[in-house]
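A.B. asks: Sequence:
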Amino acid sequence: MTSWSEPRITTLRTLWLDGLSASQIAKQLGGVTRNAVIGKVHRLGLGGRGAPSAPGRPSRVSPPRPARPRRAAARPSRVMAPPRPPVAAPASAPEGPGLVTDMARLGVHACKWPIGDPKSPDFSFCGRHADGRYCTAHETQGVRPGTAWRADRDPVVRRALAGLI
8 MTSWSEPRIT TLRTLWLDGL SASQIAKQLG GVTRNAVIGK VHRLGLGGRG
58 APSAPGRPSR VSPPRPARPR RAAARPSRVM APPRPPVAAP ASAPEGPGLV
108 TDMARLGVHA CKWPIGDPKS PDFSFCGRHA DGRYCTAHET QGVRPGTAWR
158 ADRDPVVRRA LAGLI
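All residue numbers for the sequence shown refer to the numbering used here, where the first residue is 8 and numbers rise by one.
Bear in mind the hints are in silico, worked out from the structure with no lab data behind them. Positions of the beta carbon are idealized from the N, C-alpha and C atoms, including for glycine. Treat the hints with care, since some could be wrong.
[Claimed, not checked] Label pairs and their calculated CB-CB ranges:
#1 ARG67 with PRO14: 20 to 30 Å
#2 GLN148 with PRO128: 16 to 26 Å
#3 PRO76 with GLN35: 45 to 55 Å
#4 PRO76 with GLY52: 46 to 56 Å
#5 SER12 with ARG67: 48 to 58 Å
#6 THR21 with ARG67: 24 to 34 Å
#7 ASP159 with ARG78: 13 to 23 Å
#8 ARG166 with ASP109: 21 to 31 Å
#9 ASP138 with ARG112: 36 to 46 Å
#10 PRO128 with ALA167: 30 to 40 Å
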């Protein structure tokens, strides 16, 4: 490791202010790395430079590219989903307290729509006849129409099934 003597520091200052790069200065001084030169420049506080360093090889300047011609008809930027069919007005939900107060007493064909605050003593379930989870009135309130998840359209499921076949 070569120490930074006064003559070497003077040479470093001169070369730095002449615009040489740290790599070029390290080659001329010998025995120091580019990073050592950069560190010494910072410790000496040499910020300003006379001229920018010259690159090792000339850069190739390419002529500007001509502008791309625009198409006459613009493509839509987004694929539009088909319009949804109009939804029938929701049936009015039954007013008042529910018919069943204990969840254990809810039958298979009873509406399981909760009514009120579960922490209050007057909490109940609708309990009216239902073909699914809820009666017709609560079904329209609680279930949004739309596309349901389908296994044949899920890409992960498709890949898994393709590996089995």
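A.B. asks: Take the hints in turn and mark each one as holding or not.
C.D. replies: Going down the list of hints, with the structure as the test:
Checked against the given bound of 20 to 30 Å, the beta carbons of ARG67 and PRO14, roughly 40 Å apart, lie outside it. At about 24 Å, the CB distance of GLN148 to PRO128 agrees with the hint of 16 to 26 Å. Remark: the range hint 45 to 55 Å for PRO76 to GLN35 is upheld by a beta-carbon distance near 53 Å. Here the CB-CB span from PRO76 to GLY52 is close to 55 Å, well matched to the stated 46 to 56 Å.
At roughly 41 Å, the beta carbons of SER12 and ARG67 sit outside the given window of 48 to 58 Å. Remark: the range hint 24 to 34 Å for THR21 to ARG67 is upheld by a beta-carbon distance near 32 Å. Take ASP159 and ARG78: their Cβ atoms lie about 36 Å apart, and the range 13 to 23 Å is violated. In this structure the hint that ARG166 and ASP109 lie 21 to 31 Å apart at CB is violated, the actual value being about 46 Å.
A C-beta distance of roughly 19 Å is found between ASP138 and ARG112, which places it outside the suggested range of 36 to 46 Å. For PRO128 and ALA167, the Cβ-Cβ distance of about 49 Å falls outside the hinted range of 30 to 40 Å, so the restraint is violated.
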